[in-house]
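Trainee: Sequence:
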Amino acid sequence: MDQQTLQFYGRNAQAYAGREVTKHTRLIRFLALLAPGATILELGCGAGADSAEMLAGGFDIHPTDGSPEMAGEASRRLGRPVETLLFHDLNKVDAYDGVWANACLLHVPRSELAQILALIWRALKPAGYFYASFKTGAAEGRDSLNRYYNYPSPDWLRAAYSKAGGWSSLSIETGEVKGFDAKSAQMLFVVARKNL
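Mapped onto the working numbering, the consecutive letters of the sequence shown carry residue numbers 21 to 216.
These are calculated hints, taken from the structure and not from any lab test.
Accuracy of the hints is not assured; some may be wrong.
[To be verified] Below are the BS3-like pairs computed for lysine-lysine, each with C-alpha atoms no more than 27 Å apart in a straight line:
| id | residue 1 | residue 2 |
| --- | --- | --- |
| 1 | 183 | 155 |
| 2 | 145 | 112 |
| 3 | 155 | 203 |
Construct the complete structure from the given sequences, taking the supplied hints into account.
Mentor: See the structure below:
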């Protein structure tokens, strides 16, 4: 994880926790792929809004964030401990029915993304589902808040996933979101299923 980006989230954890939360359509669609009570790892849980939705839906959610300050905010929201976990420290094997990584892997340096995707693939159970979202672009760089982004194209992202492990399916949809900086961004939404 880029240190400047991590420090940004540490400094702004309370501001993130205070943002208005809306129901996440893509989360609802992702959860519909899983069996009731499925075990889900959330990477980059931020202030815990998505984890709260998953808990309310009866899922066995394991929220994590790379920022101790964000993990603290999520712990307060969820009323339970939230682990501070950097992506490269993920060491579980065949442990989760699903992995939810909304707007977090987009901060992984391009040179490291395939390795992180491989760790996620390893942590998934066979036939497990994995969601991630990325800001699209042509070359890595920083935004106006000095956060690092890998800014992949769909083809670049497919190649990174193919290096990470075997997937029985991989779909990439496009869309637009408004970020913390109040600017609209073009996004890639990826849903992959681990092979059996």
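Trainee: State for each hint whether it applies.
Mentor: Going down the list of hints, with the structure as the test:
no. : hint      : verdict
1   : 183 x 155 : 20 Å, holds
2   : 145 x 112 : 10 Å, holds
3   : 155 x 203 : 12 Å, holds
The structure shown violates none of the earlier numbered hints.
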